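2 protein chains.
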Amino acid sequence: MSLIIQKFGGSSVADAERVMNVANIVANTYREGNDVIVVVSAQGDTTDDLIAKAEEINPRHSKREMDQLLAAGEQISISLLAMALEKLRIPVISLLGWQAGFNTSSAYTMARIKKIDTERVRSELDKNKVIVVAGFQGINKYDDITTLGRGGSDTSAVALAAALHADKCQIFTDVEGIYTTDPRKVPGAKKLAEITYDEMLELATLGAQVLNNRSVEMAKKYNVELEVLSSLNPVPGTIVKEAAKMEKMLIRGVTKDTDVARISVLRLEDKPGVAFKLFDRLAAKKINVDIILQSAGRRGTKDITFTVNEANAELARECIMDCFPDIDPENVIVDKNIAKVSVVGAGMETHPGTASRMFDALYSNAINIDMISTSEIKISVLVEEEVADKALSAVHAEFFPED
Amino acid sequence: MSLIIQKFGGSSVADAERVMNVANIVANTYREGNDVIVVVSAQGDTTDDLIAKAEEINPRHSKREMDQLLAAGEQISISLLAMALEKLRIPVISLLGWQAGFNTSSAYTMARIKKIDTERVRSELDKNKVIVVAGFQGINKYDDITTLGRGGSDTSAVALAAALHADKCQIFTDVEGIYTTDPRKVPGAKKLAEITYDEMLELATLGAQVLNNRSVEMAKKYNVELEVLSSLNPVPGTIVKEAAKMEKMLIRGVTKDTDVARISVLRLEDKPGVAFKLFDRLAAKKINVDIILQSAGRRGTKDITFTVNEANAELARECIMDCFPDIDPENVIVDKNIAKVSVVGAGMETHPGTASRMFDALYSNAINIDMISTSEIKISVLVEEEVADKALSAVHAEFFPED
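Chains as they are written, first to last, in the numbering used here: chain A, 3 to 405; chain B, 3 to 405.
Okay, chain A solo, but in the shape it has when bound (with noise of 0.2 angstroms):
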């Protein structure tokens, strides 16, 4: 027997049929003498619902009864669950964040999980029950509800899996796993058996959203091994798990990103720290650099040129006129047109010939690249957004051939 735990997001609760969907994958689940936990999100628009009710009574409300009112949504769907699985015969009981012994950090709206007192849920199993549990949210030191963030259902299911060595844990999605690249966008996508955890943390980075990075985070920390599937077809997903456990595939993906601005700044003056200055500045102002290109300029000056998601673009110009208060501001330039694509795979830190492969896939259908980065399992280059998904599709045939 194994326990298992089943995540499900928003859009697999949306209605009343979806909620018996999940309803019967839990239920074959248990029916097979699995332990089951399933972890749910809110019902599909809930939280934006919630959201907007919020702001219009007060826009500037605290995040201490923004929580207390988005935990709402999911205490709506574990209950709904719970009632569809009655239906069917199983035995069940739904449990809100704090009833499965979510303690978390007091950041509301951002809360870290800190512990799960697991005495509740195993008692519960100890029952032979199936246990729903409300994804996202916890409670704090004070005991007020906190909520986790962005992609907190999948931090709270891969925290749940980890804190009782569960034997698996499953991330329902509306696709059937991870893929080679997009594939609402390149019909030679393939699916991937599997993945490792680096591999899956660099496709997430680059725009492939199917899991949130924090959730694949702590199951790389913790071992926690993670299957993405599809909870509409159910065929067997990707499943993503330590690198040692699979064999290393040269190439695991092919991903393409228009969310980057490119800023160059030009004419600096060309004396030790200059860079450092500028980046400390977008360090402290929380601004993520990417890839980042340092080269001579004129006369003993130097050009800097770097990478950032658009919605940055704006504050990291300031951070440069601060920093450098007497440059030109011609010579600070931002360019939201272009974007990244790149390769990722753990295997290709043994295989030289990766990069030029994908620069000649590039070359011979003619496009330009305008900066290159590479890491142990990755190479990006930054292109004009116009080419961006010639470029992926070139790449990707490049190393995936139709068969």
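Please keep in mind that the hints were generated in silico from the structure rather than gathered at the bench. These numbers come from a predicted model, not from an experiment. Incorrect hints may appear among the rest.
No distinction is drawn between identical chains; accordingly, a pair holds when it is met within one copy or between any pair of copies.
[Unchecked claim] Heads up, simulated DMTMM-like pairs for lysine to aspartate or glutamate below, C-alpha to C-alpha not over 20 angstroms straight-line: (1) K55 / E88; (2) K243 / D169; (3) K143 / E121; (4) K143 / D119; (5) K89 / E58; (6) K55 / E19; (7) K117 / D145; (8) K131 / D145; (9) K223 / D200; (10) K89 / E57; (11) K89 / E19; (12) K243 / D200; (13) K131 / E88; (14) K143 / E126; (15) K304 / D328; (16) K279 / D328.
Put chain B on the given structure of chain A with help from the hints.
Structure of chain B alone, referenced to chain A:
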């Protein structure tokens, strides 16, 4: 400085505008130098919407999951009201039933408050905060959410007032107070300045559903002074308090109740214990019997006539058939086409003329009296439903003549 409990029902917080209206009432009370605790119900149709969701998924859901579901309703309304108070710069905190210390029995959907742990509430009052408490809900010894049943928020407010020895418990509604009769039906209806708990209980039982009976009984038991007033029109309402503190009025009000069925059982064998047997059976089925008339029938038989709520009429008929299997079904007559008109007033016990004035008013208007029941503070008559409004107006005009 006084401690004032203010309770607002679902219609008072139905939308953003009304939530702000309630926040203003609370803020004004707070700014006058009072400690304020607000008890609120779920917004408008929220509870009905949640029930509909549950029914769609599984009409035979457990009560435990129903309470888990319904409690989300007040969770939403308390946090929204807290945000509205934050907008008015009032220090405020919202508390769920369990956070406010409401310990209840384990009877899901109809739990009784056993004890209120006031520690958290007192500590928030010490911080000079307005506290917004979720009415209707609590927690049982299993750490599971319970709800208090119909009118539960009134009960929450009164129980909290009793536990904290509050100076006053204000129940805000959509009417301005308690009237001598239904002001929507009788133009001459007059608002009462004050009324005793017992009179209020009789009026509530007889159809003037402004305050929940349990809450009035609890207020009487713990001597909590209630005020019923309007959340839309800021004028003094009606004070409900103990009789010793107020002038006795002959008649406090006149009510009409059309939810009455009259059941006659004819030609029962005239021997001891027949009536007992029947009423014992009805009590076992939790059927509340109101007016009872027993009369000699023909040739050594007797007739028993009594009234019940219309919803219980058929169940009562079944009880009769079970009790007297040999009875001719034609001798069991159920008539739902009747109404009960009552006068209520603690003063009438010392004024024997009240009954004859009431009967005279009905006779003068050619209204036939079917059955009569009297208690120390109430006289009720049964009339045909078609003439009930006319009877109500006639009796009201007798005791409350137009100025």
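How the hints compare with the structure:
1. Within a single copy, K55 and E88 get their C-alpha atoms only as close as 32 angstroms, which misses the 20 angstroms cut-off; across copies the closest is 15 angstroms, which meets it.
2. Taking the closest pair of Cα atoms, K243 and D169 come within 20 angstroms of each other only inside a single copy of the chain (12 angstroms); across copies the shortest separation is 62 angstroms, beyond that limit.
3. With identical chains, the CA atoms of K143 and E121 are at most 20 angstroms apart both within one copy (18 angstroms) and between copies (15 angstroms).
4. Taking CA atoms no more than 20 angstroms apart as the test, K143 paired with D119 passes in both settings, with 13 angstroms inside one copy and 18 angstroms between copies.
5. Taking identical chains as interchangeable, the C-alpha atoms of K89 and E58 lie at most 20 angstroms apart only when they sit on different chains, with a minimum of 11 angstroms there against 38 angstroms within one chain.
6. Taking CA atoms no more than 20 angstroms apart as the test, K55 paired with E19 passes between copies only; the shortest distance there is 11 angstroms, against 26 angstroms inside one copy.
7. Both within a single protomer and between protomers do K117 and D145 lie at most 20 angstroms apart by alpha-carbon distance, with minima of 14 angstroms and 19 angstroms respectively.
8. In this homomeric assembly, K131 and D145 come within 20 angstroms of each other (Cα to Cα) only across copies, at 17 angstroms, whereas the closest approach inside a single copy is 27 angstroms.
9. In this homomeric assembly, K223 and D200 come within 20 angstroms of each other (Cα to Cα) only inside a single copy, at 11 angstroms, whereas the closest approach across copies is 66 angstroms.
10. Taking CA atoms no more than 20 angstroms apart as the test, K89 paired with E57 passes between copies only; the shortest distance there is 11 angstroms, against 37 angstroms inside one copy.
11. For a Cα distance limit of 20 angstroms, the shortest separation of K89 from E19 inside one copy, 13 angstroms, qualifies, whereas the shortest one across copies, 40 angstroms, does not.
12. In this assembly of identical chains, K243 and D200 lie within 20 angstroms of each other by CA distance solely inside one copy; the values are 9 angstroms within and 70 angstroms between copies.
13. Taking the shortest alpha-carbon separations for K131 and E88, only the intra-copy value of 11 angstroms comes in at or below 20 angstroms, while the best inter-copy value is 42 angstroms.
14. Only between protomers do K143 and E126 lie at most 20 angstroms apart by alpha-carbon distance; the minimum there is 15 angstroms, versus 24 angstroms within a single protomer.
15. Within a single copy, K304 and D328 get their C-alpha atoms as close as 15 angstroms, which meets the 20 angstroms cut-off; across copies the closest is 110 angstroms, which misses it.
16. Proximity of K279 and D328 under a CA criterion of 20 angstroms is satisfied intra-copy only: 15 angstroms inside one chain copy versus 102 angstroms between copies.
Of the numbered hints listed earlier, not one is contradicted by the structure.
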